[in-house]
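Residue 1 is where the sequence shown starts when you use the UniProt record's numbering, and the numbers rise one by one after that.
If you're looking for bench data, these hints aren't it; they were derived computationally from the structure. Among these hints, one or two may not hold up.
Unchecked claim - No more than 30 Å apart at the CA atoms, straight line, and that leaves these computed lysine-lysine pairs for DSSO-like: (1) K37 / K345; (2) K202 / K184; (3) K184 / K130; (4) K411 / K451; (5) K312 / K298; (6) K386 / K526; (7) K177 / K130; (8) K316 / K298; (9) K451 / K435.
Unchecked claim - Simulated DEER-style distance windows between Cβ atoms: (10) K526 / H605: 52 to 60 Å; (11) Q597 / I44: 56 to 64 Å; (12) N157 / K130: 14 to 22 Å; (13) E407 / Y337: 36 to 44 Å; (14) E412 / N439: 20 to 28 Å; (15) K434 / T47: 41 to 49 Å.
Just so you know, even glycine gets a beta-carbon here, dropped at the ideal spot from N, CA and C.
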Amino acid sequence: MNGKRTKMLPKLRTLKITFLLIMSLSLLCIYNWTSTKIAVRDLIYLTRPIWDGSQQVFTIVPHYYTDGLNGSQLCHFHGWQKRTNTVQVIDTIIFSIELDLLEIRIKELWPFVDHFIVLEADKTFTGRQKRLLLNEKADKTFTGRQKRLLLNESLRNFLWAKEKLRYHSYTGLEALKPGENPFKNEGQMRGYLDQVVSKYAKTGDIIICSDVDEIPSEETVQLLRDCTGFSNNMHLQLNMYLYSFEYFYSTDDSWRAHISIYDNNFHYRHGRLSDHLLADAGWHCSFCFRNISDFIFKMTSYSHNDRVMDEKLLLKEEIQKKICNGEDVYDMYPEVYSFRELVLKFGAIPKPVWDKYKGKPFTILPHYYSEELNSSQLCHLHGWQKRTNTVQVIDTIIFSVELDLLEIRIKELWPFVDHFIVLEADKTFTGKQKKLYLNERLEDFSWAKEKLRYHSYSGLKVLKPGENPFRNEGLMRAFLNQIVSKYAKTGDIIICSDVDEIPSVQTVQLVKECDGYPENMNLLLKMYLYSFEWFLVDEEESRSAHISLYRQNQFRYTHGRTSNYILADAEQEDVHKSMCELREEVDKHDQQIRQLQKNLKEAEHILSTAIYQAKHKLQIISKATTQPMQSEELIRYAHKISAAHSVSAPYNWEIGDQRRPYPTDVEMRSGLLANASDPTTMSNIIAQQSHQMNNYGSGAQTAQQQQQDYPAGGS
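Could you build all of it, start to finish, from the sequences and the hints given here?
What follows is the structure, encoded as structure tokens:
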């Protein structure tokens, strides 16, 4: 018996261990089920570029706008025509809780929108009951003080908009059964909105179809209201922001908003309807709420609520942390269709410039440049003065192995730098021994010996385990201070930057020829990686370089933030130049347009006159055809016209002369034209004409005799 027990003990232990393992694995699987779903979702998003091709590429319609251009000119620039009829602009909005965005939207579009149709439901798309925030009667479940507070926080804020605000509520959304898709309720909401729009719109009206957080710009709506000739469904490319207008996300992710021309087939949609996309047409501010509770409400209430795969995502502190860091509130990877986009949009949104640094934000100083401007004009353009004294520019460089970059830097800044101070050490900052590379290659830089000031330093120490390399770097910078003092005098300009942080020649020229800028000014440099082929956006390291005005016993070589001022990227010079060229081109086109308008008006005047005259002649011909006249009447009519205008033939005219189609003054005065067939009348006419001709002949002879008596020049 004891032997059997002894044999059974190992089996029982094995069964217990097996049971415990099975239970542990089961619990682990149950616990990790959510993690498994997240892993599957992440795998789908990460591999999307392989299995899911992007939609057909849009035809981008450039968006031009500048103050001073009228509607006709703007339409012409876009290849459209000026609208001749009057249409309504109707903005359709499905509202949930976005009070702030609704106010921004209405105020932005107020001048050009006739009706703001706002539709609100008493349930969310997921079927949850919600308050009717904008219902002027308020929700019946709220009474007394609660009801007054509700009205105070919503509708009363929009009393200023009652002239154009068309509020409608909808109670037809259903509580969803388990597994039902929230898009079912969203579809019902959009279908009801079609009915509402039909009460206000007529054929040809312009309908804005976009979510409340997809806000077209005022200029976009004005352009599409004033012009015709564009697509009946024009999508809008909106600049996308996340959490607030502080975090810019992209320009190519928000295209669903569109403008539609209303007809009997109109349906409110929020998808792709055409291939035309108007560039830079407004803003899309996603998850832009004032309170964390609003974030939680949207995450659990709208159609994509299935993205909440972990209850931890709904914790207030978790949401707050993600907002501050610019991270996705769902912990999701970006929905992109190429690996390039995946890399570019991977991770948190880059923080704006003013949030890059602790403490006070930078004051950004724009940097302008144009070859056509002289130094005085450039200084004035920056709000500075032309320098009256002469100063040196000293470029300070701590060198290690960067021979190519050193050559590029010296050649770039050669025209405006007086001394290139290059300091090289025989150890690295970590204390490792190294060759003096530049010392061995000085002959290769013989072309720069006029300005190159080479110094070596052997004071760096071999670091002990755990010692910070910045100690050696500090020693190097302190020694550089001593060297600078040998060349610089008060007021000289010192460039403080690593060898790979290269200011542009225009930047150095600007600070050398101008005066009035801060004594310490950081430089905003374009950041590249590995080569000038790989450009990085908004890297903090690209703001450490700076320019300092030398003060004896005060100058310290540092590598970081030295002031609250930063000179913007010198590539703005190209932007400024392009803007000047564009402005000249626009002025030239304006002149051509004005000349064309003048020619067009003249042509319209000539054409309208010709049409009027032709119409008048056709009326006369038609009248003459229906009411013919006898030849005698025509003769009498011609006689009256001639008499009225005192038209007469010359005195030397004779009967039968075909050159005169009108009667003589004798005929007009005697009224003999109508009796031209009477022989007696004709003989009298001939006698009178002969008498007149005789008088004319004698008068001519008298004039000739007088001319002989008084020759030219006599008196």
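Hints and how they fare:
{"no.": "1", "hint": "K37 / K345", "in the structure": "holds (23 Å)"}
{"no.": "2", "hint": "K202 / K184", "in the structure": "holds (28 Å)"}
{"no.": "3", "hint": "K184 / K130", "in the structure": "holds (18 Å)"}
{"no.": "4", "hint": "K411 / K451", "in the structure": "holds (11 Å)"}
{"no.": "5", "hint": "K312 / K298", "in the structure": "holds (16 Å)"}
{"no.": "6", "hint": "K386 / K526", "in the structure": "holds (27 Å)"}
{"no.": "7", "hint": "K177 / K130", "in the structure": "holds (18 Å)"}
{"no.": "8", "hint": "K316 / K298", "in the structure": "holds (13 Å)"}
{"no.": "9", "hint": "K451 / K435", "in the structure": "holds (23 Å)"}
{"no.": "10", "hint": "K526 / H605: 52 to 60 Å", "in the structure": "holds (57 Å)"}
{"no.": "11", "hint": "Q597 / I44: 56 to 64 Å", "in the structure": "holds (58 Å)"}
{"no.": "12", "hint": "N157 / K130: 14 to 22 Å", "in the structure": "holds (18 Å)"}
{"no.": "13", "hint": "E407 / Y337: 36 to 44 Å", "in the structure": "holds (42 Å)"}
{"no.": "14", "hint": "E412 / N439: 20 to 28 Å", "in the structure": "holds (23 Å)"}
{"no.": "15", "hint": "K434 / T47: 41 to 49 Å", "in the structure": "holds (45 Å)"}
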